[in-house]
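Enquirer: Since chain A is already given, all that's left is putting chain B on it; use the hints.
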Amino acid sequence: MSRSRNNSAVGPIDWPIIGVWIFFVIFGWMTIYSAAYDAAHPMPFDFAKEYGKQMMWIAISILLAILTLYIEGDFFAKFAWVIYGFFLMLLVLVLIIGKEVNGAKAWFGVGSFGIQPSEFSKIGVGLVLAKYIASIGGGQLKSMQSRMVTAAIIGMPAGLILLQPDVGSLLTFVAFVFVMYREGLSGNVLIVGFAAILFGVLSIVTGAGTADIPFWGEQSGVWMLIIVLVTLALFVLVYARNFIPPRNRRRMYLIVIIGTIAASSFSYSVSYIVDNILEKHHKERIYVMLSLPVERKDADYNAEMAKITVGMGGVMGKGWLDGPMTQNNYVPEQWTDFIFSAVAEEWGFLGSFILIGAYVFLIIRLMFIADRQRSVFSRVYGYCVACIFFMHFLINIGMVIGLAPIIGIPLPFFSYGGSSLMAFTLLLFIMVRLDSERWSVLK
Amino acid sequence: MEGRRYTLIVIVMTIAVIYLLRIFGLQVVSQYWKDRGTALTEKEVVVYPSRGVIYDRNLRVLVTSQTVYDLMVLPKDVLPFDTTTFCNITSLTIEELRSILKKAVTYPNVRYKPSAVIKQMKPEEYAPIAGELYRFKGFYAQARTLRVYPEKAGALLLGDVGEVTKSLMEKFPEYKKGDYIGLSGIEKSYENELRGQRGIKYVFRDNLGVERQVANGSLDVKAIEGTHVVSSIDIDLQKYGEKLMQNKRGCVVAIEPKTGEILALVSSPTFDPNLLLGRARGTNFLALSRDKQKPLFNRATQAQYRPGSIFKIAQSLTALQLGAITKETRIPCNRALIGCHGSHSMDDLEMAIVHSCNPYFRGVMQRVVEGGRNPKNRFKDAQIGLGLWRTQIMKFGFGTNLSTDIPGVKKGLVPSPEYYDRAYGKESWNFSTIYSISIGEGEMLVTPIQMCNLACVVANRGYYYSPHTVKKVGLNGAPRPEFAQRNDVGINPEYFDVVISAMEKVVGPGGTANGAKLQDIVICGKTGTVQNEPRKDHSVFVCFAPKDDPKIALAVYVENCGFGGTWAAPIASLMIEQYLNDAIKNVEREKHILEQNFLNQ
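As they're listed, the protein sequences go chains A and B.
Mapping to my numbering: the first sequence position 242 is 242, numbers consecutive.
Mapping to my numbering: the second sequence position 552 is 552, numbers consecutive.
Bound-form chain B, shown alone:
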């Protein structure tokens, strides 16, 4: 039996050699296990840059970032713990905690991948938990940043930020799951500037989230902070506009004519942008999107109204430029053809604007369209005339996309000959078919921002800059180059005299907007009352002020409340007072406006 000791020794040696070969294979030959280990232990941690701050034109902070905390759990590290205490400090119920923990280990979550227990806790919510967390192995906190709106105004204008959706990730592959992206407003249109550049930190990380630098951080890529953006908004004016528009449906657009900078963009009813933050976002968003008053709909840029009487300004200028009329042209107020109001009979252009004489502008449009350019066929004549008219009207920015930096701006509609061909058939329509567009009714559609832009054109006597919401990209930067580009509308500057003079009279004794008059500032405006059957008319007013050195142009729409001079004009007047004087003297006027509630009309 002596020899058998050698058999045993051979067995032991054989096993040892097999094991050593296997270990050699695992450790030295194969790269596979090292790669997997490195992937597990060395993490590329994305360092999120802080998103740029949005300021108002006076450098007041409109949107900034705030740190919030996600409470995470890594199931494989969880030891039995005191659930009662845990629930007490986190204010979860036992059932909630149970279902969260169950979800954390249910496919596609697995025991060794972290899941969120509570998302987006504010620092004051996290503080009491932070000190206790060490008692609960496997639980740890992760910091994130959220947008906050200290001024609580300008929700739609400023926009919001949210996690990228699947479809957005397909469109912009540089975004990864969990990244945030601007979804609307300035946040969306200046996303590239605001977001900054992500950095990468290489760390050893254990399951408890404790991290150590790899190679002393020499491989790390620093995150680049987002660019700050100075918006053109005057937040006081914006807030005042929102206040005046309380309990009313409609909008206010205020633009600085000399630059095209939007001073205020009020869409009412509005909401506190902070509602769409944090954990309450889901429920609040749902409630807002279901609200019958449509607070998420930006009336200033997306609502397409018929322009009504305020369109007569554009009509006057176009007819003058096309040579269809002169400022001396008088047309009888023939109310058999189209309705009118007030007492006047044979106005010239200026007084026709002041009186908003419908038969006069019907006559003007007739001269434009039936220009006798094709004397043999009045259908073809109308076609040529309408084409000429449309080309000029569109130069004011109607029927096209004003190239603003506001996402989702609507075009409106300026009917073309082809449009009527489709509607009535070729050579089956002439002026008498389409005359309602002469007073801004019928098929015409404009957005409030386009109407305000018209006021800018008049204030500037013939040109405008595309309206925009951002004054400077970077605290010492410039606006985007396209906003420094002057757009000429192709109207002889002298034709503006008569229009401006008429607009001055509108806000004067006997004018339709006399109630909007200010003691020390000359306002030039035009009221409009847009038919909206069967409901009450929309009250509309466009204006600019002061007359000689225009600093602000406005368009005000108040839905379903009646005559333009009664509601829209005083609101515009109060806005001008706020912006130019920084104080309201017409307290009674303000009180009267604030008391009104048109929401249920």
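Chain A with its partners taken away, still in its complex shape:
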């Protein structure tokens, strides 16, 4: 408190967060240097190489961070809609004049550099979501109207990103579901979500094979799953009724019947979409993740190389600049989405543990900071930041270690790239600034 009085521009800053941010940026740059290392260009400032460019992005990000700390927290709340609108406009613009990279119109090209507006748009969504929820009162996300409004706030940029199409960035928007849950959305959402993932995986696994069903012949394996589900449901209906008090039976019948129908039709739809609607390479990625057989010989090349690279690390790692898989470029563009594999190889389980620990610390620290806010706006925004980092962490590292399909999204502060580093830095430092004002501001 005394500090905030002494320094009117910047209140008490949460140094643990700043510390972990510095750790990420330095460790991240070192890993980029190692992954992109080229004996012909050993200088860290060589702009021909990724590590030279990343140096520049880091410098810009530090400037942005300092700048952000000097902006009144009030500004973000007041201009939330403007910021949101600005990035929404960029998302529209990128569809028109954007540069197509890897089949997605997600970039504004500026010379040899590119800016990816979808990374920045999350800031806008976070601010507006915070402002809206603050306006209806925290923890009150229960009325149909409020749900529709939040869905629209998230849905507009998400829809524009789907048009690019950039499935990876789209998936990170799931982060906001966690925020909504924190602010009063029914917990069933999470249960349904979990059940959807479970049945989705089951239907893809069974759908990859065929089953010989009596009186019907050879059919997609997903039918076997549906038959098992229905049989289980009948079993429950006949026998489980005895354990339920009569007044609750009607409710139980309803849940079982609707649940079975929903699960069956969902499973069939997923299987149908995977087989008939998804593009071949998407289907292959999902199959690779689930260890299902893939036709094309090297469809699983990236996934395999990433797992090998992680596996090579052992307990202590091969040492910085000494990972044989990393130094010999077996993982394509390792400095972007697969950067974690370089950490795992060169720093071993120890390094992986520290890095994952650092992310968990960052995410939980952000939730803790969010919860100590006196303003709903700051709290909701804090959860947005934490959950966005969590989604990136979840998908990116899961992809590298073969627990998630290959979806190209960056690891916050670690992956090479100016847009993501700047966007994540802004996202984080807005929260640091809001937090520093927690004693003086009440919104």
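Each hint should be verified, as a subset may be incorrect.
To be verified - Calculated cross-link-like contacts (lysine to any residue; reagent style SDA-like; alpha-carbon spacing at most 20 Å):
no.	chain 1	residue 1	chain 2	residue 2
1	B	Lys34	A	Ala211
2	B	Lys34	A	Gly402
3	B	Lys76	A	Met316
4	B	Lys410	B	Gln304
5	B	Lys102	B	Pro123
6	B	Lys258	B	Gly477
7	B	Lys34	A	Val236
8	A	Lys318	B	Lys34
9	A	Lys142	B	Arg5
10	B	Lys551	B	Gln519
11	B	Lys43	A	Gly402
What the hints assert, rightly or not - Quick list of the computed label-pair ranges, beta carbon to beta carbon:
no.	chain 1	residue 1	chain 2	residue 2	range
12	B	Glu96	A	Phe215	57 to 63 Å
13	A	Glu100	B	Ile89	29 to 35 Å
14	A	Ser265	B	Ser99	48 to 54 Å
15	A	Phe215	B	Thr106	43 to 49 Å
16	A	His41	B	Lys102	30 to 36 Å
Please keep in mind that the hints were generated in silico from the structure rather than gathered at the bench.
Every residue gets a Cβ at the ideal spot worked out from N, C-alpha and C, and that includes glycine.
Expert: Then chain B, alone, in the frame of chain A:
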């Protein structure tokens, strides 16, 4: 809603724990991923030893190795590149480049396995590419060695080297795909000595082919260089023989009688062994194997001719040893029984050899075969007689594999009693059925190297060493032990006097090979004219020289050109002059031979 923060924290922690367990499994528990990574990044690079050099008897290099370069591509590393420049420096067309690159990513090739773009570039072809290669990511060069023949001679004798085929790999499992192996000639028979021993280098290797040592090379196994081989060939003589035989079908075999070392082994028509090198090998090999003159057929060791009159030398010695005749025996030249030539009527052995009297040798053979060893049955008598004759003839190396170090040597044929039993039926043949073999016609078949070996036996008066092409294995080594083994033919040395004296007269005034005479060197020889109906006769000559201290024995076959004294004998004489005097005085004789062309007869 406060409690919900804990749900979120639990979710985050759960995910982190699952991920850490998974990473722990990948990194610490499982050996599988480490093994795969090690297999990918640590390569066992086979270090090919340099193959031994083949020298001639005067230590001139006959076959040596040369470095060539394969241009390789690793598709996964290829970035978009300037195809026009690439095509310019490699002199490929755009279409060729496209199809090569397409093949490089078509199964069984995959993006992360290297394929060859251009194979076996000579250093001068590779030099302009080497400097530009850094501009094309994913392309790199790989060095290999190729055999070269600086003297451009002795193609079939020296043999060639090629990649192992599937069937060879099944036979010799120590060879792996891409290894080279001697396919013919000295390269094949001395493969084990020449090839050396492969070494292994352990390296970290990235996709660009950049390598780093593993453990400072302490695990590496050094390659052992192939052993050099000193051949017995006199390359000047070999080249001179090839020159004399130009535009002729046939062969020349020259052996040093005292050692059995082959001095020259000419099979004509021949070709430049360098034709079977490098990228042109395929097309050139096909062209050579389709050539009607059969340049790939080694006439010196694989052609089986009827020996003709030169066989009379062996016949004389055999009959003397079996006691069927003495050197004084005279037999009338009865031309009603068998044709003859020249004017003579009642020769003794020496003059019969000089005149090549056919009725005389028919009579000699009759005495050998009808020895009266079974007076009651002349069929059985012939059977015993022929058996005795054959045993002795085979001691000269006829009808058997001369145990040479030349691959694919043929045996020839010395008909046995069983052979005639099969042909005519048991006890259904006697001397009058088989008499043509008495003058080296009929069923008899010999190879030129066997005939030259006969000349060696006569020169040595009764023994020979198996003809061989390698004098020393290793620069200070010895020949293979079997070539130091003396083979006695079981003929009393004094019986050779009359034969040698007759052979001297053959190359003298009035002899059939008078035209082969040399001023300063006494040649002992015997001409032959092998019937070859309906085409023209083969001209044949065997000889050795000098008479008193034989240093060279020769057999010359010239196909379809006529009388033995006219063509084969002068060629042999010129070869002797070249070998013993190192200069040709009989320029007219040489010119006459070089001008002849019998290829189309």
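Enquirer: For every hint, state whether the structure bears it out.
Expert: Verification of the hints:
no.	hint	result
1	B:Lys34 to A:Ala211	violated (37 Å)
2	B:Lys34 to A:Gly402	holds (16 Å)
3	B:Lys76 to A:Met316	violated (30 Å)
4	B:Lys410 to B:Gln304	holds (7 Å)
5	B:Lys102 to B:Pro123	violated (27 Å)
6	B:Lys258 to B:Gly477	holds (19 Å)
7	B:Lys34 to A:Val236	violated (47 Å)
8	A:Lys318 to B:Lys34	holds (12 Å)
9	A:Lys142 to B:Arg5	holds (17 Å)
10	B:Lys551 to B:Gln519	holds (17 Å)
11	B:Lys43 to A:Gly402	violated (26 Å)
12	B:Glu96 to A:Phe215: 57 to 63 Å	holds (59 Å)
13	A:Glu100 to B:Ile89: 29 to 35 Å	holds (33 Å)
14	A:Ser265 to B:Ser99: 48 to 54 Å	holds (50 Å)
15	A:Phe215 to B:Thr106: 43 to 49 Å	holds (45 Å)
16	A:His41 to B:Lys102: 30 to 36 Å	holds (32 Å)
Checked against the numbered hints listed earlier, the structure breaks hints 1, 3, 5, 7, 11; every other hint is satisfied.
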